[in-house]
Structure formats: C-alpha cells, structure tokens
Amino acid sequence: MQAVLSGILGLLIVATVTISVLRRHWPRRDVTELAARVRSWWIMAAVFTVALVLNRAVSLVFFAFVSFLAFKEFLSVVPTRRADRRVLFWAYLAIPVQYLWIGYEWYGMFIVWIPVYAFLLLPLRMVLVGETRGFLRAAGVLHWGLMTTVFSISHVAFLLVLPGDGSGAALVLYLVVLTQLNDVAQYVWGRLFGKRRVVPSVSPNKTVAGFVGGVLSTLALAWVLGAVLTPLSPAHRLAAGLIIGVGGFVGDVVISAMKRDLEIKDSGSSIPGHGGVLDRLDSLTYTAPLFFHFVRYFYF
Amino acid sequence: MRASHLARFVFFQVVVRPLVLVVLGLNVRHRERLPRRGPAILAANHNSHLDTLVLMTLFPWRTLARVRPVAAADYFLSGRFRAWFSRRVIGIIPLDRSGRTERAHLFDEVSAALAARQIVIVFPEGSRGEPERLDRFRAGLFHLARANPEAELVPVFLHGLGKALPKGEALLVPFFCDVFVGKPIAAGEDRDDFLSRYQAAMAGLAAEGDFPPWE
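Taken in sequence, the protein lines are chains A and B. Per the numbering used here, residue 856 is the first one in the first sequence, and the count goes up by one each step. Per the numbering used here, residue 412 is the first one in the second sequence, and the count goes up by one each step.
The following block holds chain B by itself, in its conformation from the complex (with noise of 0.2 Å):
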C-alpha cells in the first residue's frame, strides 16, 4: 500500500467522515440520483472548502478512488505540502485557471478522468463567492459536458457549509447542512439553452427547502 493510499484512507475514514457527519449533519435529499459509477459529472454550487470533502463522503470508500474534484491549480497545487495533498491524498483533477492553456486543452485532464470512467466534481460558480448566494454559472460546463456526452451530469445544490466555513474564515461552526441531488441534464447543443436548464434545475433544488435567513 502507497503512503498517500493510507493517508487517504485515514483522512477520510478517520478526520473526514467524522467531521461531515457528527460534528456537522448531512441532510441528504434523493440520494438514489447519485451516479454509482462513472463517467459521471457532479456539478454542485460552491461555497466553502466543505463542499468537496462533503460531495465525497457522499459515495462509500470503495468508490471514493474513483470520485475526482476539479480544483484551481493556482491555489491548490501551490507549495509542496498542499501540491501533494491535493493530489495524491484528496485526488483533485488541476484545472488552469490563469489563461495560458489553450482552451481547446483545458479539460483534457477531465476528459481522460471521463474516459476511464471516473466520477468527476466541478463547480460551475468558478470560486466559493459569496457564501450561501448562487453565482452565475460559467460556461465550461457546458463544453465540458458536450465533449464528454456519455457522462451523466449530476446537478447537486448544496447548503449551509458556507454558514458552517465560510470563504476567509478558519473557524468551522457546527449546522446541519443540506444536500440536494438533482435529475441529470443532457448537455445539448446550444450553451445558453443547457446553461438555463442546469439554472432552472438548481434553482428548483433550493426551493425544496426551507433555509432560515442568514444576513
């Protein structure tokens, strides 16, 4: 067994399960719409670093391998320490956001993750923002889900892990967070056609639930 395999199933077993559902609380609304297998693309709102490690702990630890979050590669492969974390122990997919890679290439990677039938984890919204508020979706998803038709795409509406860790804060607040699956969404061929139905789907997961007013 490699190190960083153990320091996966450590952290996830033993920090991460246990921090998402003791200290924190999922409320889990369709589950039976999460893909089992892949290629499949979850496309979830974000809001905190939680985000991903809760969409993970979503699938049991025999399917984790195989569940693979897109993350900024500026951010998470920065120092040596955080680069191999992130890669080897979280198993995040790099995505350039700095404009260098050519589009064309640019889900290369997500499209090989794809082919070998992997469960990939994009955020649409680009950055967490402003916690417990959907931002526009980019438009990636779009190309990324029409290079890719054969994955099934996943809308997945998250709530009150920005309440829990918001973006800039280090001090993680106990709440019980929700997380509602969605129908899949066929990519199509027009971009803002699919980008409204991926729109309208997310905004009919958050109108499933009752959210008290966070200001």
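So that you can see chain A by itself, here it is in the shape it has in the complex (with noise of 0.2 Å):
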C-alpha cells in the first residue's frame, strides 16, 4: 500500500511541476483552471489517505459523509416539493443507518437497507404529508438519488470490512485509484486523439478514443496495482480493469445525462476546479458496486 500511496504523490507532484513550468514558459497560456484542479487533487488524496490509514470508524464516518455531502448536492440540483421537507429529512437519517451496518459488518442489512425499506418507507412518509400533486416524479427522484450517492458509494466502505483481516483498505485504494486514474486516462487519450464521439447528446467530449484509449490504460494498471493491492488473479485483475474502465465511462455519462436534464454544468461548486461532490463521484457510483460484487461473488 505504501508503494501506491507515493506513486500517487509523485503523480501529484510530476503534475504541479508540470504547470509551473508551463507559468513559467508559456506566461500566455492560461492554466488557472488546470492548477485549481490539481490544488484540489492534492486535498482530496491528503483527506483520503489520512481517512484510509488511521482507523475504521474514521473511515466509515468519512465516506458516510461524503455521502452526505453527495445526497446534499444532488436534492440541492433537482426539483423538490415544499411538501416534502420532512420526508427528505428522513431521508437524510438513511445515511447514518447505513453506515452503521457496515460498522456491524451485517451485509444483509447493508444490501436492502435502502433498495428495500427506504424504497417502502419514503413513500409512506410522503402519503402521510398528503401531497399527490408530482409525487411519482418526487418519490422516483428521492430514490435515484438515495441510490446513487448513499447506497452506490457505500459499497466503497463496506470494501473495507469485506476482507474481515484488515486488508479491505487496499481494496478500497485499488478501487478508488484505478477509478480515478481511469477519468483522467480516458480526458487525456480523448484529447491527444479523439475524434467521434460515442455520445454526442449527453457528453461532446466523450470520444472513441478517449474510451478504448482510457480502458487499455485501466487494464494495463488494473494488472500491475493488483497484485500489490488484491489477492486476485491475473485474469480476475484483467476483468477488474475492465469493469472499473466501462463502469467509469458510464457513470460519468449517466451523471452527465442527470445534469443535461437540469440544464447545469456542474452540480456544485464545492472542489475548485472540478466542480461539485458529484462531479468527482459519478464513475464511482457504477464501479463501486460492480467491482464490490466482483470481488464479493470470487473471493469473499
């Protein structure tokens, strides 16, 4: 683990040695927008690694509140009914629950916590406001959004425990990492060489070859970090990569469908330079739970 961990500071400092010699040769080119983002890389992998390493309810109360601060973006972004405040109230409770199940390494529960009784017992709340003018729309869009930044990203925590020996933090570093690296191969390969597009009305700047280009990269780094980091074989490392690199590519492009429909750019502006919580998740919230379950149904 303490490879990858100075791999990624010497990612971080090759970048921010980078931009300052592109300030100092090319004063005319603008790279604010370049260095806000890598200032901001620095941040995140500080706060993550200091919140992986030092203990488990550290960690479990850090992605609990990453959560938070997800679930709290995404009902700030969508429409919402004035009727509905204390349901989303509730709502908000779901997060603690299912923090705390993982807390109890009770998989059971974790799994249907939000699928099954938030999915019965919202709607319930929300018959007793009385409200039926847009409840369809005002249930269905609380659940998408439970599901996607609480019961999604999740799964990243129950990582974790999954091992039962202490070894889930690797897991998680194996996820996160190739998750994250995966996003910034598939921007790089599409902007070297990129020329169709795969989607043009949801996402223009995502190309053919910034998706082949991106899953090759993750592949070739699935196989390499996963020995170090997972007890999984090399052809299970193979079939890790390409589950990071397509569900990346789609989560990144489902948020990006979400946020079309809302007509934002971003879904907030928390993280100098890349945008909201849920700018920087969207991919994780496919790969968390396919990699989860990967692992889960061949190994734990």
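Simulated from the structure, these hints should not be mistaken for lab results. Treat the hints with care, since some could be wrong.
[Stated by the list, open to error] Where chain A lies over chain B, by a calculated footprint (3+ residues, C-beta under 8 Å):
1) 413–426
2) 618–624
[Stated by the list, open to error] Selected chain A positions facing chain B (in silico; Cβ < 10 Å):
3) Lys-927
4) Glu-928
5) Val-984
6) Arg-988
7) Phe-990
8) Ala-1112
9) Arg-1115
10) Ile-1119
11) Ser-1124
12) Ser-1125
All C-beta atoms, glycine included, are put in the ideal place defined by N, C-alpha and C.
Join these two chains into a complex; the hints should help.
This is how it looks when you write it as structure tokens:
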C-alpha cells in the first residue's frame, strides 16, 4: 500500500511541477483551471489517505460524510416539493444508518436497507404528508438520489470491512485509484486522439479514442496494481480493470445526462477546478457496486 | 472577557460556523465585493432566521464584532433571555416596527452604528414572508442610505435558506445555499429611482443562478 500511496504522491508532484514549468515558459497560456484542479487533487488525496489509514471508525465516518455531501448536493440541484421537507429529513437519516450496518459488518441489512426499506418507507412518509401532485416524480427522484449517492458510494466503505482481516483498505485504494485514473486517462486519450463522439447528445467530450485508450490504460494499471493491493488472480485483475474502465465511463455519462436534464454544467462548486462532489464521484457510483460484487462473488 | 463576549465566540465559532459551512454549505459568488470595513450596509432578501447567521459567517472573527444585524424589536427583545441573546450575543440593532417611534428617529441607532464604522445588515423586505420569493422592498432602505451617504450599500441575494429553514418551521433540512454579492449602489436623491435600481440589482443577482423549482 505504501508503494501505491508514494506513487500517487509522485504523480501529484509531477503535475504540480509541470504546471509551474508551463507558467514559466508559456506565461500567456491560461492554466488557472488546471492549477485549481491539481490543488484540489492534493487536498482530496491527503484527506482520503488520512481517512483510510487512521482507523476503521474514521474511515466509515469519512465515507458517510462524503455520501451526505453528495446527497445534499443532489437535493440542492433537483426540483423538490415544499411539502416534502420532512420526508427529505428522513431520507438524510438513512445515511448514518446505512454506514452503521457497515460498522456491524451486517451484509444482509446493508444490501437491503436502501433498496428495500428506504424505498418502501419514504413513500409512506410522503403519503402521510398527503400531497399527491408530483408524487411519483418526487418519490422517483428521491430514490434515485439515495441509490446513487448513498447506496452505491457505501459499497466503497463495505469493501473496507469485506475481507475481515484488515486488508480491505488496499481494496478500497485499488478501486478508487483505478476509477480516478480511468477518468484522467479517458480525458487525456480523448484530448490527444479523440475524433468520433460516443454519446454526442449527452456528453460532447466523450470520444471513441478516449474511451478505448482509457479502458486499455486502466486494464494495464489494474493488472500491475492488483498484484500489490489485491488477492486477485491475473485474469481477474484484467476483468476488474474492464469493469472499472467501462463502469467508470457509464457512471460519468449517466450523471452527465442528469445534469443535461437539469440544464446545469456542474453539480456544485465545492471542489475548485472539478465542480461539485457529484462531479467527482460520478464514475464511482457505477464502479463501486460493480467491483464490490465482482470481488465478493469470487473471493469473499 | 465578558460573559456575553465568550458566549458570542462560542456561539459563532462552535455552533454557527459548523452549522452554516458543514450542515448547509455555502456557494458564495463575488465574495471580493463584500465590504472589508464599515461604514457599510448589507441589504439582503429575507427568507429565514438563518439569513442573518449566514451573512455574519461571511466575515472573519475579528470583523464580526463590528457586524450588526438590524432586527425587529417586538420579536427579538421579547423575553429576557431572547433579548439578552439578541443584543449581546448576536449584537442586533433593534428596530421599532410599532410606529411609536417618530419616523425621523427610527434609524438613530443604525446611523450611530454606521458613524462608529460598523457594518449593518438590513432586510428591506421587512419580514421573512413567503420563502424563496422576492417581496416588495420597503422605502426605509432609501431613507437609511440617504441619511448615511458615506456608508457603502451592498445588495446581497440569498437563495436556499428558505428551503432549509422556512418561517414557522423548527426542523432544519440541509441544502447547499447561494450567496450572491452585488456591486455597491448609491442612494441618490429620488426614492423610487433608488428602489428600482436596488430591485434591478437583486433581480440581476437572482438571474445569475439556476435554481431548481420548489413548489
């Protein structure tokens, strides 16, 4: 794990040095956005590392807080009904409970709490409010928000306790590093060679070259890092790379479609250079549950 | 250190800042337009009790002692504890809404604060009203601005706080909230002209955001 963390540190140093070189030699080129993005990467990497290595309670509180921020951001950009104020409050309470199940390592409850209980109980609370206009839409939007920002993201946290011998942190690192570098790789390949667009009506920046280049880079990295961080066999490491490469792309364009629908560019503004929390977590909402169930089925 | 000063420190640094920055979360645009020092008047729309607290957290602790919200005397000075809390901990300037004070002396305490180079927060809509809807602004703002021409008048548009804690609700529901700071407005000589310029500035700030429907 130390080797991989050092690798991340090295990448960040290279990025920071590159920006200062760009600034010195091409002063007319505007790198403010890029610099802000890299500065935010430093902060996110530092906070994530501390949260991951300190102890399990801190890690769980950290992931619960990330879910809270993402869910709050979601509720702040989607249309909500005035009548549902108290319903939204109950939906927020589902977050600490979901992470409590993870603390107890109670898989059965973790996996049904939001898809079954929250799904059934929140509409009941809405019925008690009594407002039927826009009911279906409000219930659907609320559940979609909980599934992406809480249920999906909480799989990262369950990965932490899944092996039961303390090796979960390495699995989390594997998933998160691959997901984030897959984003970066798809972006870089797309910028360098991208021509044909994959889903022009949803996200004009996604190209075939970006997608293919990104997936291939992720496959290679998944194979290398998997040997250090996971018990996965070489074939399974490649499968994990494929799941994360393709899943990350899909998560990205699904959140893009949501933002298109809402006619917003970013989901928020809390992370300078990146946008909101959801803009950063979009690919993880797909890769986390997909990778989790893959390793759980074959290994734990 | 006086007890009220300690209470103020604890209230703002331990309760209000975490509440506003972590539970709610602010999206502040044009922060650089905020006055660094008084005399200045922040004129914002009013949807929630949180408005005052949010505007106060925009200032660093050292400036905070000089930030004074103007608040209704009939509500905030009723009851001994509430009066002590409003006056000493929040540091409000009470405003008499009953009509018993002569019009010419209505803003005496506010003008005194401005003369002492303080930053005054006012809500020209008068009361919190319907959440997340801009009400008619009252002419009092014009009289205050004209009587204190040396004070910079800064319009501030707030959104989302009426969703988080509307009038008549005690349960806080977290939402990210928007704070858009406008450019200073001069009082001028004509009341209606001033009010329409202020109204236009607020409408312009409101148009900067994409706010989802909340019905």
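Okay, the hints, checked on the actual structure:
no.: 1; hint: 413–426; result: violated (count 0)
no.: 2; hint: 618–624; result: holds (count 3)
no.: 3; hint: Lys-927; result: 5 Å, holds
no.: 4; hint: Glu-928; result: 6 Å, holds
no.: 5; hint: Val-984; result: 13 Å, violated
no.: 6; hint: Arg-988; result: 8 Å, holds
no.: 7; hint: Phe-990; result: 13 Å, violated
no.: 8; hint: Ala-1112; result: 16 Å, violated
no.: 9; hint: Arg-1115; result: 13 Å, violated
no.: 10; hint: Ile-1119; result: 5 Å, holds
no.: 11; hint: Ser-1124; result: 5 Å, holds
no.: 12; hint: Ser-1125; result: 7 Å, holds
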